[in-house]
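Engineer: From just these sequences and the hints, can you work out the full model?
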Amino acid sequence: MAKRKTGWPFQDGFLNDGVQEVHLFTDYRWNDGSMSRRWHVEPEDFEADLAIMRPFSLTPSDNSDQ
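Taking the numbering used here, the leading residue of the sequence shown gets 310, the next gets one more, and so forth.
Since the hints were made in silico from the structure, they are not lab data.
Here a beta-carbon is modelled for each residue, glycine too, at the ideal position from N, C-alpha and C.
Take the hints with a grain of salt, since some may be wrong.
[Unchecked claim] Simulated DEER-style distance windows between Cβ atoms:
1) Pro364 <-> Asn340: 15 to 25 Å
2) Glu353 <-> Lys312: 11 to 21 Å
3) Glu356 <-> Arg313: 31 to 41 Å
4) Arg363 <-> Ala311: 30 to 40 Å
5) Glu330 <-> Ser366: 14 to 24 Å
6) Asp326 <-> Arg347: 15 to 25 Å
7) Ala357 <-> Gly316: 14 to 24 Å
8) Glu351 <-> Ala311: 32 to 42 Å
9) Trp317 <-> Ala357: 16 to 26 Å
10) Val350 <-> Lys312: 30 to 40 Å
Structural biologist: Dropping the structure here:
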């Protein structure tokens, strides 16, 4: 039986145009060491180099509102 490939999000890319913030993509790290990017918009419409990168965590950093 083959090992199942699983992935975890580790960062998001956003673009702020002064009026709104657009979630451009989410980057995933896979258990085989590879990485991939899931685009939430058409990649040709935006410059990924201008994106604001934010680390992604599956665990909350502050439980005060829970």
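Engineer: So, for every hint listed, does it hold in this structure?
Structural biologist: Hints and how they fare:
no.	hint	in the structure
1	Pro364 <-> Asn340: 15 to 25 Å	holds (19 Å)
2	Glu353 <-> Lys312: 11 to 21 Å	violated (35 Å)
3	Glu356 <-> Arg313: 31 to 41 Å	holds (35 Å)
4	Arg363 <-> Ala311: 30 to 40 Å	holds (34 Å)
5	Glu330 <-> Ser366: 14 to 24 Å	holds (19 Å)
6	Asp326 <-> Arg347: 15 to 25 Å	holds (21 Å)
7	Ala357 <-> Gly316: 14 to 24 Å	holds (19 Å)
8	Glu351 <-> Ala311: 32 to 42 Å	holds (34 Å)
9	Trp317 <-> Ala357: 16 to 26 Å	holds (20 Å)
10	Val350 <-> Lys312: 30 to 40 Å	holds (33 Å)
Violation of the numbered hints given earlier is confined to hint 2; every other hint is satisfied by the structure.
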